[in-house]
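So the protein lines, in turn, are chains A and B. So in our numbering, the last spot in the first sequence is 389, and the numbers never skip. So in our numbering, the last spot in the second sequence is 1369, and the numbers never skip.
A hint or two may mislead.
As the list claims (entries may be wrong) - Part of the chain A face toward chain B, derived, beta carbon under 7 Å:
(1) I23
(2) V24
(3) W113
(4) V129
(5) R144
(6) Y365
(7) S369
By construction, these hints were calculated from the structure, which means they are not laboratory data. The structure presented is a predicted model; accordingly, all values stated were derived computationally and were not measured. Where a beta carbon is used, it is the ideal one built from N, C-alpha and C, also for glycine.
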Amino acid sequence: MMSTLSRLWGHSTTRSLIYQSAIVLLVSAAVLTLIQTATNNLQRLGIRTGFEFLSDEAGFVINQALFPYGPTSSYGMAILVCLVNTLILSLLGILTSTTLGFFVAIARLSRNWLLRALASAYVELFRNVPLLLQLFFWYFATLRLLPGKRESLSLFDLIYLNIEGLFVPAPVFGQGAALIAGSILVSTVIAGVTLKFARQHRESTGKPFQHARYGYAAAVLLPIATLAALDFPISWDVPVFKRFNFEGGFALQPEFVAMLLAITLYNAAFIGEIIRAGIMSVHKGQREAARSIGLTAREVYTVVIIPQAMRLIVPPLTNQYLNLTKATALAAAIGYPDLFWAVGGSIQAQTGQILELQAITLSTYLAISLLIALLLNWYNRATRLRGRS
Amino acid sequence: MSATVRKIQPAQPPPVGSGTRISWLKENLFSSLWNTAVTLLLGWFTVHFTLTVIDWALIDAVWHGESADACPRDRGACWAFVTARWQQIIYGQYPGALLWRVHTAFALALVLPFAFRLARGRHQAGIRATVLVILPVMAMLLLSGGILGLEKVPTDQWGGLMLTLVIASIAIVFSIPLGLVLSLARQSRLPALRLVAVGFIEFWRGVPLIVVLFAFVSMLPLFVPEGRNIDILVRTVIAFAIFNSAYMAEVFRGGLQSVPRGQYEAAEAIGLDYWKTMGLVVLPQAIRNSVPALMNTCISIFKETTLVMLIGLSDLLGVIQLSLEDPDWLGPTHIYGSAYLFAALLFFVFTYSMSKYSLRLENRMNVEH
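Chain B extracted, bound-state conformation (with noise of 0.2 Å):
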């Protein structure tokens, strides 16, 4: 017997309430009696702790004061410490009547993308290769000091969040094109290259970063000429960059290796020789794909800035830690919680925006058909 359907049969009805909020509020709350039971147990956690945490940060907060005979110990969250020491936080001690330096140099850093992007015409690579050195180098001139008339400010009143965000930018700034060049040596077809490169890269990734950074410390005056000293925050950067390098090669190495294998071929084909193959067809599309390793990198790079206060250096954990042993906050373990809070949201500003950036770059960048 044939199956044909010779009439239209009529459509049916959608389900019942689909697409409303009460059926969302079923599918992804209340679907099984187990689900309910989660969801109210939950809900119940959720407010409730919602509730203590604005009691404690807001409400019974204390937001002003200069010891830490102004935070209680049945009061809650006591600001009071951050209001109190907040330009040490932020600037370290850097002199008052200078910050407006600071404040330059950091608009500078903030010009740089966009200026980077308006970089138009037929000197746009030059523009934008000149504008790279240029900023960077006139904002560490204007933080550093001691040429054009401007009063030198040594390192060690650098501090803050000031000093995190220093750090991290240069050991960001250089361990990417080291990075770079040491990913491409890993992959060279010499051999003896492809030795170093693989020993200096799994080197230190296997060892932590503090104790890099403590070995740096202690031992680079034993590998210098007597008589030069170099700067602590400088040996730290200088750690920072070769220590990250390894992790950018690893970065590189992967975004290299997603480049099929056709692309070099055809490259060669054409007759490109291998810095033009490298420059014109794989590391255009090699970089493109480390964008979301290396944002990861990047990030873990600021987080990683806080190990310099083991080492002497007051960023912004370090200056925190230094004003809470201070005897005018000595006291309560309340002030702990509230500064080390203060510094984690600080943190997390920073962070998280950077992975949310992250992701944009990542759709704006995908080209995949």
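Isolated chain A, as found in the complex (with noise of 0.2 Å):
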């Protein structure tokens, strides 16, 4: 009996079939105690649970909503158009970082000494100061000295920036825009297919496609004859001051500005070191031996060193893009009303469902976090080296 015992445990698979099971036993042990204490606490405090609450009144205003919503809609609609509100601050916050990043980045390569420096300076400062210090900065100290609507600055009559925020022209869509819409897609697809196919015919025959610019042209030529078709059917709304207030236009409130700001600033500083990395990180003899072949310096930069530099940056910088939408959440603390604002601040407060909310905040975050990451997966896989692993 004993040997028999001891016989199984010498064996490697039934050893660690005892531990896994082990461990299984012990997680959903500690996940039931869990929730049995915040059960029983639940009762005790006689706090509603489940998710009917999402249906009921909000009762409360949103400043910031791109679709119709008032203090009659529900909870669940409040939640969406919070959620709405952090997405667009994190797509822009992603495009005017990236951008942003890219002049850092070509600064910090720059010829010139003092461009270097000043740009190594404007990294270090911004990199090295926690972010929700940077949006104070921004909120209390920098926009509060803008001027009031009567003087608002002006950048040719088009857009304004006061003490109320930053007031932008709108596009409206007449007639058609369903249409135009289409072709866009339709000249997408079309250049899609192009360059697949130029791409195949060069790995094949060793030489470019001739044709390929007829199926650029079409892609590009295509939405602007669409536009001219229907007779422009897009114009401004240009924001304009009338007697006390700006009329028409898109008005964006003074947390969503310096949040960008702060965000854009503080991640252009990732970002930059992540491209400066890249580039650098291309081994020399690579550049000497485009050179050698002729190439020219804007070739070489194009056709070899992007191309691999590209391998090396798009990982960080996903994950930097991951860490912005996930540090947009601070734009709660200065009242931008994003899902953090919505979920932990309002509806907690009214209904005291924290665990349903808490469920709905983590796992929305995590859903987008998740998703960036599959992303990434599928890029990693589309541009890895083959021929040799």
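Grab the two chains, each in its own frame, and use the hints to assemble them into the complex.
Set out below in structure tokens:
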């Protein structure tokens, strides 16, 4: 009997099974205890459970709503509006910080010493100071210095900046907007097919595909032709100051402007470093080899350096985008109506359903993160080095 | 025809002026028309900016005063705010008579690395372990009191830079071992353990810290049996440690993956079991390779401590924000600017020296051949 047991124990498969069952048991015991305690506490405190509250009337105002929302809308609608606000902030932030980061990287790689020095000073300064502090600086100390509505700073009388926010022209789509969207979609497909076909042609014959330019031309001309045929149905609604207020256009809240400024400047410092590191890590021999086979300085970059650098840039860059998206939750600290603001503030105070609300917030952020991670994995698989492993 | 050179050619003269200051300027600042234009424009901007800052921050600044009235709008920086609130900014509401305890605690923390390095001889490991455990515990007991006749100072009186440092160091100290265990679990041969580790790590890495902090503070009471109450500082520190352990786990995973497969195989071939393979062969190399990323994570933990002000703790930024909203200092916007710039300077001093130290450490530990 003893010997059978000890033989079983000595068998590595059995042993690993025993260990694993112990782990599963332990984890499930811990989870069950937590659930049990929570249920007891909820009953004791008389807190309602379940997600029915989502269809109840929210009753509070959201000062940036991209689709119809009023105090009589439901909690579910409020959460959706605020989630869209989070996504807008993240997407715009990604766009602006990547653009700025790109220029920072160029400046850091410049041959001009002064430009290089200023760029590194910028990077060190903005990377080493907490984001929340930077956000407060822009919101409480800088944007409040802006003039009032009557003395707005303006850019070509199109964009106005004052203490109440940033006022920009809004596009107005007339009749046939759907047709234009459709034509853009079609031309994207045309461009994609041309690109793919041209690459296949080049790889199989070693020569560029002569007729590719017709495909690209068609892709560019189609939307323009559609626009012309419909007599340009897109107009701009420019903000105009009338008596007491700005009318027309699109008003961006100061909270939004401050947060966008803060995440752009903070993340551009990191992104600049990521891009610089990626470009620097392409071996010097690659540049020299490219020059020696007669490529021009521009081709050296576009055909040799950038494609290799991208493979090193994209993974940390995606990670930075992920950080940026998560960091937008800080905007709630200055009252920007994002997902965290909605769930952590008013709704929680009104319904008291902490568990459900936290579950919604956590799982939404988690879903966004996993989506970005999946995209990254897909990219890595598509661009990994083939032939060698 | 043979091209053999019979006569040794005389050496060519060096390029005129190479290696001098003038040539440095020429190469780095004025190499082309475009470059010269950039240099002049940026140079003008830099000089102008520096002069403005000096004027605002030093010459025109107000250094002393008791309230916002001391800082009129037409003057420069309002350092009076900082000097008047100095004690709160550094120590929070910690009783003035007991500040020696804070100072002693910080002295102990400063002594730690030296004591750690000075440990020599047969009992080196033992002394190091003792120092590593005893000194931080002593420092914490000094701060909180309540034993050995020390008056108890409740954590809601802790604040300022002191609280920032306390939260950051505890979070770092606990998240490192936790992260190491998680990274080992993630590499384990047991699928169930691996699954649990991956789930744990990816969950925390997928959600924002502020949401986690908020969840911990608001939900933790639901998950502990009735009648127990956990101090808000303790809850915060637990949240910080768990959250960052996931990031630390990723740091160590990178380190573990940088150890070549052959090292594992060689260790197994000479008959070492799992723990000896890890402890004697793999981890020493993996940890050394993780140091740069580890320091980066420590820096972000330090910066992230500012988030605790959003859940009601008075860290450095929290104290400053509270003092700014105090009726005494409510007023001109430039007081906000001065206060935030001062806080930024304090943070910068810490994070920048951490990153410089990390570079030095990296060079010292670099044993590549």
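Going through the hints against the structure:
1. Of the supplied interface hints, the one on A/I23 holds, with its beta-carbon coming within about 5 Å of a beta-carbon of chain B, less than 7 Å.
2. Interface hint status for A/V24: upheld, as the beta-carbon distance to the closest one in chain B is roughly 6 Å, under 7 Å.
3. For A/W113, the suggested interface contact is upheld, since its CB lies about 4 Å from the closest CB of chain B, less than 7 Å.
4. At its closest, the beta carbon of A/V129 sits 5 Å from a beta carbon of chain B; the interface hint therefore holds under the 7 Å criterion.
5. For A/R144, the suggested interface contact is upheld, since its CB lies about 5 Å from the closest CB of chain B, less than 7 Å.
6. Here the hint on A/Y365 is kept, as its CB sits about 5 Å from the closest CB of chain B, short of 7 Å.
7. The restraint placing A/S369 at the interface with chain B holds, with a minimum CB-CB distance near 4 Å, inside the 7 Å limit.
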